[in-house]
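First to last, the protein sequences are chains A and B. Going by this note's numbering, the first sequence opens with residue 1, and the numbers climb by one from there. Going by this note's numbering, the second sequence opens with residue 1, and the numbers climb by one from there.
A hint or two may mislead.
No more than 20 angstroms apart at the CA atoms, straight line, and that leaves these computed lysine to any residue pairs for SDA-like [stated by the list, open to error]:
no.	chain 1	residue 1	chain 2	residue 2
1	A	Lys40	B	Asn96
2	A	Lys19	A	His79
3	A	Lys22	A	Lys104
4	A	Lys9	B	Gly40
5	B	Lys97	A	Leu11
Derived by calculation from the structure, the hints in this document are not laboratory data. Owing to the predicted nature of the structure, the values given are computational and were not obtained by experimental measurement.
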Amino acid sequence: DTEVTQTPKHLVMGMTNKKSLKCEQHMGHRAMYWYKQKAKKPPELMFVYSYEKLSINESVPSRFSPECPNSSLLNLHLHALQPEDSALYLCASSQVSGLTSLAKNIQYFGAGTRLSVL
Amino acid sequence: GQQVMQIPQYQHVQEGEDFTTYCNSSTTLSNIQWYKQRPGGHPVFLIQLVKSGEVKKQKRLTFQFGEAKKNSSLHITATQTTDVGTYFCAGRYNFNKFYFGSGTKLNVKP
């Protein structure tokens, strides 16, 4: 099983709503990532979790709040978003994220959640 | 700061023609990965290059990592319509994250 599952596939929310994106993998990977991708742009890293601990926050606004409840799950809690936050949100996982095991850094991406903020 | 440049932005080819996309970094990379994203899809891992001067082949795809580990290329021989999509390189420096190139969108005319 090399699958990363993201739900929901599509989400429309108002600027005052609170919603959550969910990501799940059962590959035993210990690194999980959130990326944001705008149309015709490359994925931009938002957060990295390594062994369930937040290791990288790319200066993401606090209206995005990540959570890693266990090694298989990664959530992204959304609150008071702006229309410019509309994008495809991609989750990815890899076996590890360190430099000591480069072969284990291969990232597997989920299909993404397409978010529209009205 | 660290940045991986990728060219060209777009490439339109006739089916059967070859295609190449290039990635370049001003500083040495520890490794580089290549991904393909079909229209409406998500990035799918193609290959990882780690060693200086490394060349890897996957059927019609040839991946190269430069001797100085500052540049990389993906070459597709005899393109097919199934090759359509955006190809991204993602380079890593000496920390825990990959920097994606801007991508090359390939369109193949049958």
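Consistency of the hints with the structure:
1. A:Lys40 <-> B:Asn96: The hint is violated at about 25 angstroms.
2. A:Lys19 <-> A:His79: holds, 7 angstroms
3. A:Lys22 <-> A:Lys104: Status violated; Cα separation ~23 angstroms.
4. A:Lys9 <-> B:Gly40: holds, 12 angstroms
5. B:Lys97 <-> A:Leu11: Roughly 27 angstroms between the alpha carbons, so the hint for Lys97 of chain B and Leu11 of chain A is violated.
Hints 1, 3, 5 from the list above are not met by this structure, while the remaining hints are.
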